[in-house]
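Residue numbers (our numbering), protein chains in the order written: chain A, 1 to 587; chain B, 1 to 293.
To be clear, the hints were calculated from the coordinates, so they are not data collected in a lab. Be aware that a few hints might be false.
What the hints assert, rightly or not - Quick list of the computed label-pair ranges, beta carbon to beta carbon:
| no. | chain 1 | residue 1 | chain 2 | residue 2 | range |
| --- | --- | --- | --- | --- | --- |
| 1 | B | Thr21 | A | Gln346 | 30 to 40 Å |
| 2 | A | Leu262 | B | Asn6 | 38 to 48 Å |
| 3 | A | Pro22 | B | Gly130 | 52 to 62 Å |
| 4 | B | Arg125 | A | Val60 | 25 to 35 Å |
| 5 | B | Asn6 | A | Val25 | 45 to 55 Å |
| 6 | B | Gly130 | A | Ala179 | 52 to 62 Å |
| 7 | A | Ala180 | B | Thr21 | 55 to 65 Å |
| 8 | A | Pro22 | B | Asp110 | 26 to 36 Å |
| 9 | B | Thr10 | A | Thr445 | 52 to 62 Å |
| 10 | A | Leu200 | B | Thr21 | 45 to 55 Å |
Since this is a predicted model, take the numbers as computed values, not measurements. Ideal placement from N, C-alpha and C gives every residue a C-beta, glycine not left out.
Okay, here's what each chain looks like letter by letter:
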Amino acid sequence: MKSRTSFCNGTVFKKNLTRFAPVWVAYTILILLYMTTILSLGSEYRIAINAVDVIPYMAVINLLYAFAVTVMLFGDLFNARMCNALHAMPLTRECWFWTNLLSALVFSLVPNLAVTIIAAPLMGQGWTIPLYWFAASFMQYVFFLGTAVFSVMLVGNRFAMLAVYVLVNFLSILAYWFAATLYEPQMYGVLFSDNIYILLSPCAQMACFHQMVGTSMYAWEAPATEAGNGPQVVFSTMASTGERFEILLGAGWGYHAICLGLGIALIFVALALYRKRELESAGDFIAIKAVEPVFLVLFTLGVGAFFQLFAEMFGTGMQMLFLAVGLVVGYYAGRMLMKRTTRVFQPKALIGLAAIGLVMVISFGLVKVDAFGIVRHVPELDEIASVTVNGNRYVAFNSRVIELTDKDQIEDIRSVHLDVIDNREHEYGLATGFHVIYTLTDGTTLERYYDDVLVDSYGGARLKEYYSAPEFVMGLEKSEYDVFAEHVNYFWYENTNLDETELKDYDMLALLEAIAADCEAGVMIQDYSFQDGVVRAGYLEFQVEYPDGRSDYLSLNVYETCTNTLLWLEENGFDVELGSIIGGYYN
Amino acid sequence: MLEMKNVTKTFGAFKALDNLTMTVPRGTVYGLVGPNGAGKSTAIRHLTGIYRPDCGEITMEGSPIYENPEQKVRIGYIPDEIFYFPSATLEDMRKFYAGLYPKFDQELFDRLYGVFNLPPKSPIRRFSKGMQKQAAFHLAICCRPEVLILDEPVDGLDPVMRRQVMSLILSDVAEHGTTVLISSHNLRELEDVCDYVGIMDQGRMLLERSLADMQGATHKLQMVGDLPEDLEVLHQSSSGRLNTYILRGTAQEIADKVGAANPVYYDVLPLSLEEIFIYELGGVNYEVKNIIL
Numbered sequence: 001m002k003s004r005t006s007f008c009n010g011t012v013f014k015k016n017l018t019r020f021a022p023v024w025v026a027y028t029i030l031i032l033l034y035m036t037t038i039l040s041l042g043s044e045y046r047i048a049i050n051a052v053d054v055i056p057y058m059a060v061i062n063l064l065y066a067f068a069v070t071v072m073l074f075g076d077l078f079n080a081r082m083c084n085a086l087h088a089m090p091l092t093r094e095c096w097f098w099t100n101l102l103s104a105l106v107f108s109l110v111p112n113l114a115v116t117i118i119a120a121p122l123m124g125q126g127w128t129i130p131l132y133w134f135a136a137s138f139m140q141y142v143f144f145l146g147t148a149v150f151s152v153m154l155v156g157n158r159f160a161m162l163a164v165y166v167l168v169n170f171l172s173i174l175a176y177w178f179a180a181t182l183y184e185p186q187m188y189g190v191l192f193s194d195n196i197y198i199l200l201s202p203c204a205q206m207a208c209f210h211q212m213v214g215t216s217m218y219a220w221e222a223p224a225t226e227a228g229n230g231p232q233v234v235f236s237t238m239a240s241t242g243e244r245f246e247i248l249l250g251a252g253w254g255y256h257a258i259c260l261g262l263g264i265a266l267i268f269v270a271l272a273l274y275r276k277r278e279l280e281s282a283g284d285f286i287a288i289k290a291v292e293p294v295f296l297v298l299f300t301l302g303v304g305a306f307f308q309l310f311a312e313m314f315g316t317g318m319q320m321l322f323l324a325v326g327l328v329v330g331y332y333a334g335r336m337l338m339k340r341t342t343r344v345f346q347p348k349a350l351i352g353l354a355a356i357g358l359v360m361v362i363s364f365g366l367v368k369v370d371a372f373g374i375v376r377h378v379p380e381l382d383e384i385a386s387v388t389v390n391g392n393r394y395v396a397f398n399s400r401v402i403e404l405t406d407k408d409q410i411e412d413i414r415s416v417h418l419d420v421i422d423n424r425e426h427e428y429g430l431a432t433g434f435h436v437i438y439t440l441t442d443g444t445t446l447e448r449y450y451d452d453v454l455v456d457s458y459g460g461a462r463l464k465e466y467y468s469a470p471e472f473v474m475g476l477e478k479s480e481y482d483v484f485a486e487h488v489n490y491f492w493y494e495n496t497n498l499d500e501t502e503l504k505d506y507d508m509l510a511l512l513e514a515i516a517a518d519c520e521a522g523v524m525i526q527d528y529s530f531q532d533g534v535v536r537a538g539y540l541e542f543q544v545e546y547p548d549g550r551s552d553y554l555s556l557n558v559y560e561t562c563t564n565t566l567l568w569l570e571e572n573g574f575d576v577e578l579g580s581i582i583g584g585y586y587n
Numbered sequence: 001m002l003e004m005k006n007v008t009k010t011f012g013a014f015k016a017l018d019n020l021t022m023t024v025p026r027g028t029v030y031g032l033v034g035p036n037g038a039g040k041s042t043a044i045r046h047l048t049g050i051y052r053p054d055c056g057e058i059t060m061e062g063s064p065i066y067e068n069p070e071q072k073v074r075i076g077y078i079p080d081e082i083f084y085f086p087s088a089t090l091e092d093m094r095k096f097y098a099g100l101y102p103k104f105d106q107e108l109f110d111r112l113y114g115v116f117n118l119p120p121k122s123p124i125r126r127f128s129k130g131m132q133k134q135a136a137f138h139l140a141i142c143c144r145p146e147v148l149i150l151d152e153p154v155d156g157l158d159p160v161m162r163r164q165v166m167s168l169i170l171s172d173v174a175e176h177g178t179t180v181l182i183s184s185h186n187l188r189e190l191e192d193v194c195d196y197v198g199i200m201d202q203g204r205m206l207l208e209r210s211l212a213d214m215q216g217a218t219h220k221l222q223m224v225g226d227l228p229e230d231l232e233v234l235h236q237s238s239s240g241r242l243n244t245y246i247l248r249g250t251a252q253e254i255a256d257k258v259g260a261a262n263p264v265y266y267d268v269l270p271l272s273l274e275e276i277f278i279y280e281l282g283g284v285n286y287e288v289k290n291i292i293l
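Bound-form chain B, shown alone (with noise of 0.2 Å):
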C-alpha cells in the first residue's frame, strides 16, 4: 500500500531520514515509534507528499505520492502541529474540504458534531488544543480517505477523548477498510490498536514486524527450577528461587521443554510491546531503554 524504498533526507548537514525502508501494508494499523528526533514526523511529511526526498522513492500501490493530487487525495493526514486559516470556523474548513476532497461525507460531518460537540460558528483559532485535534478528525475522517496518516495523533487530548478518538479510527478501519499510519513515541498506546509496528531512530528504521509476529516469537518464562539447554534466552533476572527468563519462541514450545523438565514452578507469559521491544533490540547495540518512553 505505501511504501518508502530507501528514503534519505538531510536537512543542512543533518541526516535526518538515513535510507529508510519501510512498508505500511493495506488495511492495517501501522503504528510507527521511536523518540523525539528520530525522523517519524520526517517520514510521514514524505508519505504525505510534503517533502521531496534527496534520493529513494515513496509510492502508494507503485504510484508516487509526491505532487500527485490523484494519490493525495486518498490520503487524510492529520499533522502533529494542526493547522487551521487564521479566524476560520469548523463550517468554514468544511467548505475547503469539500472542495478538495472529492468523497467529503457531508452527512458524517453532520453525525461527529454530536461526537465532538465542537461549536460550528466558532472560530477554530479560539478552541483548546484538544478542541482542534478533535476537529481535525471531524474533517479528515470524513474526507474518507483510503489511507489515514497520523502523527501523534492523541497528543493534547483527555483520556476520554483518547479512547473516543482511537475507537472512532478503528471503527473506520472496520468499516471502510482503512489503512491508518500512527505515529507516537509512546508504545503502550499503540500497543491496543496496531497490527503492524515500525520503531526507528536516528531516521532509521531499526526494526519492523507485525504486532503478533512479535507476540508470537517472543515470552516471558517465571521458573522456580533448571531451564531447559536448548532455549535461547533473550534476558534472565532472579528475585529468590524465582527466574525470570526472556526466551524467543512460542508458548507451546516453551512450556513443552520446561515442561518436561519437571520444574518446581513455571508459567509462560505474553510480552507487552515495551518489553519485546527491549529484549529484542537490547541484542544489537540499541539502547532501547532510552528510545522508548
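So here's chain A without its partners, still in its complex pose (with noise of 0.2 Å):
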C-alpha cells in the first residue's frame, strides 16, 4: 500500500508551523516594530538615512534566527531517541528536508511579507523602501539558512553546530585574526588588509562590520549632506531611492544575489550530507568523519592563537611559548571534544599534533627569512602611479597625508622605504612612523607602516621634509588659504575662543602665511619625535564650515621655535606663554 508520503509532508509542515509558533511570532512583532519605527520617520529621504541604523542589524538578526530555526527545524538530529523516532516514520530523507526546509523559509518569507503588507500602506510611506528591506532580507536568510543547514549536516550536538555555524559564517575573519595576530608580526612593516577577508564573510559584510567602526563610516562622495554629530550617511538627493537603498545595504544587490546563491547551494550541500549522513552520530560532535580533521587543524590553531594573543596582551614577551602551549591544549581539548572522552593520549595522537606543530614552525621559518620576498617588496618606479604618505596610520585626525605622484618625490619615498627595510634592526632611540601607499599603475595598492624610523636616520631626515611641509602639517594647499581662512568659524588658543564674529577682527590668512612659513622653516613638524626637548607655546585650533555643507577641522601644537606664528599671536593680542617639553616616541 502506498504512503501519504512524497516530496513535501503536510503533517510534519503543521507540526512545525505549530510548534515553533512562538519563535516566528516573536520574530514578526521584532520586524513589525522595526518597520514601522523607520516608517514612522517622515520623507522617503528620511526614512532611508535612518535606516542605515537599522537595516545593518537585520543581517545580524537574521544571521541569529537562521541558526535557531535551523536548530529547532533539524535540532531532532542531535538527539538520538527523537532521530531514530521520527526516522523509523514513512517518510525518506528528502521529504524531512524539504519539508523543514520550506518550514524555515516560511518562518521568514510569511513574517517579512506580512510586515511589508501591513506596514506600508499602514505608515503611508509607499512600497519603494519596504519591498527593497524585504528582497534584501529575505535574500540575508536564505544565506545564513544555507550555512545553518550546511552546519547541522556536519555536526552531531548543539554545541558543535554553534562552534561550526561561527566558523562556516566568519572564517575569513578568522583567517585575518590568526594570520594578523601570528604572521603580521613577524612580518615587517607588511599590512594584511582586513577588506578581502570582511568581503569573504557576508555576515560582516552585509551587517556593515567594518563601517560600524572607526571614523570613516559611511562616507561616500556626494554632494547632497545630512548633517549631524554622528557618522552620516552622505548621499545625493538625485540618487534613486533603489541606489540609496543599496548604499544603505552595506553590501550591493550583486553581493547580496552572490550569497543568495551560494546560500542556495549550501543547501543542496547540505541535503548530499543528509543522504549520507548516519543516524547513529547524534550526540557526537562531528557527525562527518572526514570533517574530524579539519576541524581539529581548526580549532587547535584557534586555540593556538588565543593564547598567543592572551599573552601580547599582557605583554609576557613569551607569545611564541604561549602559542605552543595553546596548540597542545587545543589539539587535545579539540579531540576530547570529538571523542567524547579525556582519554585522547595515545602516542599515535602524537602524529597529528606534530603535524601541525611542523607545519606552524615551517611556515614561521619561511615568514621570518622572508622566503618570499614580501618583507623586502618595494615596488619598482616605473610600476607607481602615485604614494600616499603619513605618520601614522592609526589617527588620521592629527597627522595630515600628502599623495605624491611627481617621479622624484616617488623616487625620494622608494629610497626612505628602502632605507626602512635595511635598516630594521637599528638601535634604540627617537623614532617617527611611516605610513606609504603605493597605487600602482595596474590600480592596485600595496601598503606598508613602520613606526620605528629613528629620526636621526636617513629615512627620518627625509621624512621631516615631507611631515613638516605646510600641505602635509595643515591639510591645506596654499591656494586654499583664502577660502579656509573666510570660513573659519571657531578658532581657539589656550584659553581664548573666538567665534565668527569676533573673527571678523582677525586677518586668519595671515596666521596661516605664518603657520607655513614656521612649516617651511622646519618647525612645525606636528610628530613629538621631531621635537625633543623643544618647549611647546600653546595649542590652535580651527573649525571651519564651507558653504557648501563640507565642515573641517584644524588642531596644531605651537612651540617655542615657531617664531612667525608666535609674532603673529603676539600681535593680535594673545598671551603666549610656554608650556613644558614634549617627549618624543622612543622604539
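Since each chain comes alone in its own frame, lean on the hints to assemble the complex.
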C-alpha cells in the first residue's frame, strides 16, 4: 500500500508551524516594530537615511534567526531518541529535509511579507523601501539558512552546531585574525588588509561591520549632505531610492545575489550530506568523519592564536611559548570534544600534533626569513602611479596625508622605504612613523607601515621634510588658504575662544601664512619625535564650515621655535606662555 | 516477511552487528533475545529503516526497508526509549501519527482510552515512564501495522499492565495476523507469547528456531535406574539415587526407550525456554548462563 508521503509532508509542515509558533511570532513582532519605526520617520529621504542604523542589524538578526530556526527544525538529528523515532516513520530523508526547509523559509518569508503588506499602507510611506527591505532581508536569510543547514549536517550536537556555524560564517575573519595575530608581527612593515576578509565574510559585509567601527563610517562622496553629530550617510538627493538602498545595504544587490546563490548551493550540499549521514552520529561532536581533521586543525590553530593573543595583551613577552602551549591544549581539547572522552593521549595522537607543529614551524621559518620576498618588496618606480604618505596610520586626525605623483618625490619615498627596510635592526632611539601606500599603475595598492624609523637616520631626515611641509601639517594647499581663512567660524588658542563674529577682527589668512612659514622653516612639524627637548607654546584649533556644507577641523601644537606664528599671536593680543617639553616616541 | 541477510554494522572500531542473518516469518511472534550489548536494538533499528548497514540486506517481503516509506508505513515501532515532541499531548501525537500512517484507526484509538486510561490533553512528558510506554502502545497499535516491532516493550510497566499489553498484542496478532518482533533480555517473559525465538550475542545470531521445534526436540528425564545407551545426553546431574538428564529427542521416543529398560522410576518433562537455551548452547562454548538473565 502506498503511503501518504511525498516530496513534502503536510503533517510535518503543520507540526513545524504550530510547534515553533512562539519563535516566528516573536520574529514577526520584532520586524514589525523595526519597519514601523523606520517608516514613521517622515519623508522617504529621511527614512532611507535613518534606515542605515537599522538595516545592517537585519543581517545580524537574520544570522541569529536562521540559526535558531535551523536548530529547532533540524535539531532532532542531535537527539538520538528523537532522531531514531522520526526516521522510523514512513518518510524519506528528502521529505524530512524539504519539509523542514520549506518551514524554515516560511518562518521568514511570511513574517517579512506580512509586515511589508501591513506596514507600508499603514504608515503611508509607499512600497519602495519596505519592498527593498523585504528582498534584502530574505536574501540574507536564505544565505544564513544555507550555512546553518550545512552546519547542522556536519555536526551531531548543538554546541558543535554553534561552533561550526560561527566558523562557516566568520572563517575569513578568523583566518585574518589568525594571520594578523601570528604572522603579521613577523613581517616587518607588512599590513594585512582586512577588506578581502570582510568581503569573504557575508555576515560582516552585509552587516557593515567595517562601517560600524572607525571614523570613516558611511563616507560616500556626493554633493548633498545630512548634518549631525554622529557618523553620517552622505548621498545625493538625485540618487534613486534603489541606489540609496544599495548604499544602505552595506553590500550591494550583486553581493546579496551571490550570497543568495551560495545559500541555495549550501542547501543542496546539506541535502547530500544528509543522505550520507549515519544517524547513529546523533550526539557526536562531528557527524561526518571526513570533517574531523579539518575541525581539529582549525580548533587547534584557533586556541593557539588565542593563547598567543592573550600573552600579547598582557605583554608577557612569551608569545611563542604561549602559542605552543595553546596548540597543544587546542589539539587535545579538540580531540576530547570529538571523541567525547578525556582518554585522548595515546602516542598515536602525537602524530597529528607533530604535523600541525611542523607546519607552524616551517611557515614561521619561511615568514621569518622572508622566503617570498614580501617584506623586502618595494615596487619599482615605473610600476608606481602615486604614493600616499603619512606618519601615523591609526590617527588620521592629527596626521595629515600627502599624495605624491612627482616621479622624483616617489623615488625619494622609495629610497626612504628601502632605507627603512635595510636598517630595520637599528638601535634604540627617537623614532617616527612611516605609513606608505603605493597606488600602482595597474590600480592595485601596496601598503606598509613602520613605526620605528629613527629620526636621526637617513629615512627620518627625509621624512622630516615631508612631515614639515605646510600641506602635510595643515592639510591645505596654498591656494586653499583664503577660502579656509574666510570660513573659519571658531578659533581657539589656549584659553581664548573666538566665534565667527569676533573673528572678523582677525586676519586668519595672515595666521595661516605665518604657520606655513614656520612649516617651511621645519619647526612646525607636529610629530613629537622631531620636537624632542623643544618647549611647547600652546595649542591652536580651527573649525571651518564651508558654504556647501562640508566642515573641517585643524588643530596644531605651537612650539617656542615657531617664531612667525608666535609673532602673529602676540601682535593680535594673545597671551603666549611657554609650557612644558613634549617628549618623543622611542622605539 | 522480515529478513536480514549478512548484515554488518560497525560504530567506529566496535562491530555492533557481525554478519547477522535473521528471518521473521509472517504472522509469527518472534522473540529476539540476548544480553545487553548483544546488538538487539541495533538490529531493530536496521529493521525499522533507521540505520544503514555497512553491508548486507534488510528487506520486507523482498523490498528494502531503508528509505522506503512504502514498506515503513507497514511497520509499527516502539523503541526502547520512547519519543514524543516536547509538550505534545496524546491528542497532538494522534494527529501526527494519523497524518503519517494512512491506516490509522481513529475508532480504535478512542476505544483504547478505556484500556489505558491515559489523559488525552496532558503533556506526555508529564506521564510516568510506564504511562509513556502505554501511550506508545496506544499510538502504535492504532497505526494498524502489518509488522509491530517492539524494543524492550514492557520495561517500566507494572505486572498487571504487562499482562494487559501482551494480551493486546496477542489479540492484534489473532485478529489481524500482525507479525510481531519483540526484543528482550528476559526469556521467561517471551516464553508464553513467542512462536519463534532468535538469540543474539556480540552482534551474531547464535540460534534461531521455532519454539515448538526447540521444545519438541529436547526434554528433561528424571529417573532412578540405568539410562539406555542410545539416548543423546546434553547434560546430567544426580541427587542421591535420582538422576536428571537433558536429552535430545521427542518425549515419546525417550519414554519408549527408557520404559523398555524397566527403571525403578522415570518421568519425562518439558523444558523451559531458558533451560533449552542453556543446554542447547552449553556445548558450543557459549556462556549462555551469563547471557540469559
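Evaluated hints:
For the hinted restraint 30 to 40 Å between B:Thr21 and A:Gln346, the CB-CB distance of approximately 36 Å keeps it satisfied. Here the CB-CB span from A:Leu262 to B:Asn6 is close to 43 Å, well matched to the stated 38 to 48 Å. For A:Pro22 and B:Gly130, the hinted distance range of 52 to 62 Å is not satisfied, since their beta carbons lie about 31 Å from each other. Separated by about 34 Å at the C-beta atoms, B:Arg125 and A:Val60 satisfy the suggested range of 25 to 35 Å.
At about 52 Å, the beta-carbon gap between B:Asn6 and A:Val25 stays in the expected band of 45 to 55 Å. Judged by the Cβ atoms, the range 52 to 62 Å given for B:Gly130 and A:Ala179 holds: they are separated by roughly 59 Å. With their beta carbons about 60 Å apart, A:Ala180 and B:Thr21 fall inside the hinted range of 55 to 65 Å. Here the CB-CB span from A:Pro22 to B:Asp110 is close to 31 Å, well matched to the stated 26 to 36 Å.
Checking the proposed 52 to 62 Å range against B:Thr10 and A:Thr445 shows it holds: the Cβ atoms sit about 56 Å from each other. At roughly 53 Å, the beta-carbon separation of A:Leu200 and B:Thr21 lies within the given 45 to 55 Å, and the hint holds.
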